[in-house]
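Q: This is what each chain is made of:
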Amino acid sequence: MKILYFAWLRSKVGQSEETISLPDDVTTLYQLITWLKTRGPAYEEIFTDLNVVRVAIDQEHITGDTTLEGASEVAFFPPVTGG
Amino acid sequence: MKILYFAWLRSKVGQSEETISLPDDVTTLYQLITWLKTRGPAYEEIFTDLNVVRVAIDQEHITGDTTLEGASEVAFFPPVTGG
Amino acid sequence: MVIVQAEIFDTGAEIARITASRTDIGAVVTFTGLVRDFNDSADVQSLTLEHYPGMTERELEKIEASARVKWDLQDCLIIHRFGKMELAEPIVLVITASKHRHDAFEAAAFLMDWLKTKAPFWKLEADTEGNTDWVKERSSDQEALKRWQD
Amino acid sequence: MVIVQAEIFDTGAEIARITASRTDIGAVVTFTGLVRDFNDSADVQSLTLEHYPGMTERELEKIEASARVKWDLQDCLIIHRFGKMELAEPIVLVITASKHRHDAFEAAAFLMDWLKTKAPFWKLEADTEGNTDWVKERSSDQEALKRWQD
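Residue numbers (my numbering), protein chains in the order written: chain A, 1 to 83; chain B, 1001 to 1083; chain C, 2001 to 2150; chain D, 3001 to 3150.
Hints are supplied without guarantee of correctness; some may be wrong.
Stated by the list, open to error - Which stretches of chain D does chain C cover? Using the computed rule of at least three CB atoms under 8 Å from a CB of chain C, they are:
{"#": "1", "segment": "3029 to 3035"}
{"#": "2", "segment": "3045 to 3057"}
{"#": "3", "segment": "3060 to 3072"}
{"#": "4", "segment": "3107 to 3113"}
{"#": "5", "segment": "3121 to 3134"}
Unchecked claim - Computed list of lysine-lysine pairs in DSSO-like fashion (alpha-carbon distance at most 30 Å, straight line):
{"#": "6", "chain 1": "A", "residue 1": "37", "chain 2": "D", "residue 2": "3136"}
{"#": "7", "chain 1": "D", "residue 1": "3084", "chain 2": "C", "residue 2": "2146"}
{"#": "8", "chain 1": "C", "residue 1": "2118", "chain 2": "C", "residue 2": "2099"}
{"#": "9", "chain 1": "D", "residue 1": "3070", "chain 2": "C", "residue 2": "2070"}
{"#": "10", "chain 1": "D", "residue 1": "3084", "chain 2": "D", "residue 2": "3062"}
{"#": "11", "chain 1": "C", "residue 1": "2099", "chain 2": "D", "residue 2": "3118"}
{"#": "12", "chain 1": "C", "residue 1": "2099", "chain 2": "D", "residue 2": "3062"}
{"#": "13", "chain 1": "B", "residue 1": "1037", "chain 2": "C", "residue 2": "2062"}
{"#": "14", "chain 1": "B", "residue 1": "1002", "chain 2": "C", "residue 2": "2084"}
{"#": "15", "chain 1": "A", "residue 1": "2", "chain 2": "D", "residue 2": "3146"}
{"#": "16", "chain 1": "D", "residue 1": "3084", "chain 2": "A", "residue 2": "12"}
{"#": "17", "chain 1": "C", "residue 1": "2146", "chain 2": "D", "residue 2": "3070"}
{"#": "18", "chain 1": "D", "residue 1": "3099", "chain 2": "C", "residue 2": "2099"}
{"#": "19", "chain 1": "D", "residue 1": "3146", "chain 2": "C", "residue 2": "2146"}
{"#": "20", "chain 1": "B", "residue 1": "1012", "chain 2": "C", "residue 2": "2118"}
{"#": "21", "chain 1": "D", "residue 1": "3136", "chain 2": "C", "residue 2": "2070"}
{"#": "22", "chain 1": "C", "residue 1": "2136", "chain 2": "B", "residue 2": "1037"}
{"#": "23", "chain 1": "D", "residue 1": "3084", "chain 2": "C", "residue 2": "2099"}
{"#": "24", "chain 1": "C", "residue 1": "2099", "chain 2": "B", "residue 2": "1002"}
{"#": "25", "chain 1": "C", "residue 1": "2070", "chain 2": "D", "residue 2": "3062"}
{"#": "26", "chain 1": "A", "residue 1": "37", "chain 2": "A", "residue 2": "12"}
{"#": "27", "chain 1": "B", "residue 1": "1002", "chain 2": "C", "residue 2": "2136"}
Said to hold, decoys possible - Rough simulated footprint, nothing fancy, chain D against chain C, three-plus residues with beta-carbon under 8 Å:
{"#": "28", "segment": "2006 to 2013"}
{"#": "29", "segment": "2020 to 2033"}
{"#": "30", "segment": "2057 to 2071"}
{"#": "31", "segment": "2105 to 2116"}
FYI, nobody ran anything at the bench for these hints, they're computed from the structure.
All C-beta atoms in this analysis are idealised placements derived from N, C-alpha and C, irrespective of residue type, glycine included.
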């Protein structure tokens, strides 16, 4: 699964994109976030306040928890600030 | 006094501008219109329905009757139709 | 600035002139009105705009001043043509430049509503057979202007 | 049409392209957003816009389609730049062409309110001393968008 980070989330994590193999027990978005937070302090930090993190799965905005079944791309980013 | 006509009022009267000497008893706008109507059928016609005639005195819109004292230019035109 | 002219104008050139060497403008809105092929008549071929030289400029300058009082504008331009115009030619241009987009949008819409109802211009349309017709005042335009009245 | 590009665009050229050889357009509204010298930071020197390639285009195409449903538009163009932009450079362009001015104005204002709040772009401002700062979401922009919700 491809994970994308934008703006300050990208700066903190230090990369814009990574491809990961999900553990079997990670099947929903919240489980993914919880699992990502175990991967180091930068991940811990970007997901501290989920009010300032937006999510898109396969390029569609998501609010709330949802299954990751069939998803190939999950993106995390701050609220957009437009043009 | 200079009298100006625009759009279809100009077409009917057949001129865009004329300079007239007002009779002594013509001192207000309504008196001017009444007097102009005596000058021929074209004038009679353009002033038949005053709801469709607009007036400016010295390039300021006027509604209702008013004195012509000090005025040098009276313009008659239909409601404007813009750009 | 207000310009009343017979010549065609170029919207792009006017935007460039307004924004040139300025760094305090965040939003530029332009409205360009064009001659289109149907209006009151079934098939408009050309349009002739008669105006009241002198009064037209005065009135446009007054409304530009009003817009600058109502909204925070860095610049404002009105160009209005008179005389004969062919299909697809530009008739009127409003450009508003502001720090913020809402001021630019609102001021441009206000100016256009005013220009369509109050500016001393009269339209004569000619169809493909050469018939001409003075365009009537439209009540929808008068309604549009009402929303700006305090 | 939606274009997401790094290159500078020319508003005048885009207007010309949209109106060329058409006689059914009565009103063209353009909105051009420019980099200006103060925003969140005291003195902005340049702006870098990050976007989400693929998703950005999809989202812009969706909102363009919405605008074409809500209003009677003859044409509609959105150009949005990404990457680094210097002071006074254009960032975003919306052009709406319609028979009637209200459709053109409303659609352009709607698209800009949406672009300012919903389009997947993130702004990084750099000041004269080289400090950079991610721009925060603004509640005034969110408020602006609310007026379009049914």
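Q: Hint by hint, note whether the structure agrees.
A: Cross-check of the supplied hints:
1. 3029 to 3035: Since three or more residues must qualify, the claim that chain C covers the segment 3029 to 3035 of chain D holds, with 7 doing so at under 8 Å.
2. 3045 to 3057: Contact hint for the segment 3045 to 3057 of chain D vs chain C: violated, 0 residues under 8 Å.
3. 3060 to 3072: violated (count 0)
4. 3107 to 3113: holds (count 3)
5. 3121 to 3134: violated (count 0)
6. A:37 x D:3136: 24 Å, holds
7. D:3084 x C:2146: Since the Cα atoms of residue 3084 (chain D) and residue 2146 (chain C) sit roughly 43 Å apart, the hinted pair is violated (cutoff 30 Å).
8. C:2118 x C:2099: Given that 30 Å is the threshold and the Cα spacing comes to 28 Å, the pair holds.
9. D:3070 x C:2070: 29 Å, holds
10. D:3084 x D:3062: This hinted pair holds, its Cα atoms lying about 26 Å apart.
11. C:2099 x D:3118: 21 Å, holds
12. C:2099 x D:3062: Between residue 2099 (chain C) and residue 3062 (chain D) the Cα gap is close to 28 Å, so the pair holds against 30 Å.
13. B:1037 x C:2062: 33 Å, violated
14. B:1002 x C:2084: 26 Å, holds
15. A:2 x D:3146: Violated. Residue 2 (chain A) to residue 3146 (chain D) sits at ~33 Å, over the 30 Å cutoff.
16. D:3084 x A:12: Roughly 20 Å separates the two Cα atoms, so the pair holds.
17. C:2146 x D:3070: Holds, at roughly 23 Å.
18. D:3099 x C:2099: Measuring from Cα to Cα gives roughly 29 Å; hence the hint holds.
19. D:3146 x C:2146: 24 Å, holds
20. B:1012 x C:2118: Roughly 23 Å separates the two Cα atoms, so the pair holds.
21. D:3136 x C:2070: 28 Å, holds
22. C:2136 x B:1037: With Cα atoms ~24 Å apart, residue 2136 (chain C) and residue 1037 (chain B) stay inside 30 Å; holds.
23. D:3084 x C:2099: Holds, at about 20 Å.
24. C:2099 x B:1002: 46 Å, violated
25. C:2070 x D:3062: 34 Å, violated
26. A:37 x A:12: 13 Å, holds
27. B:1002 x C:2136: Status holds; Cα separation ~26 Å.
28. 2006 to 2013: holds (count 4)
29. 2020 to 2033: n = 13 at 8 Å, threshold three: holds.
30. 2057 to 2071: Three-residue rule not met by the segment 2057 to 2071 of chain C, so violated; n is 0.
31. 2105 to 2116: Per the Cβ count (5), the hint holds.
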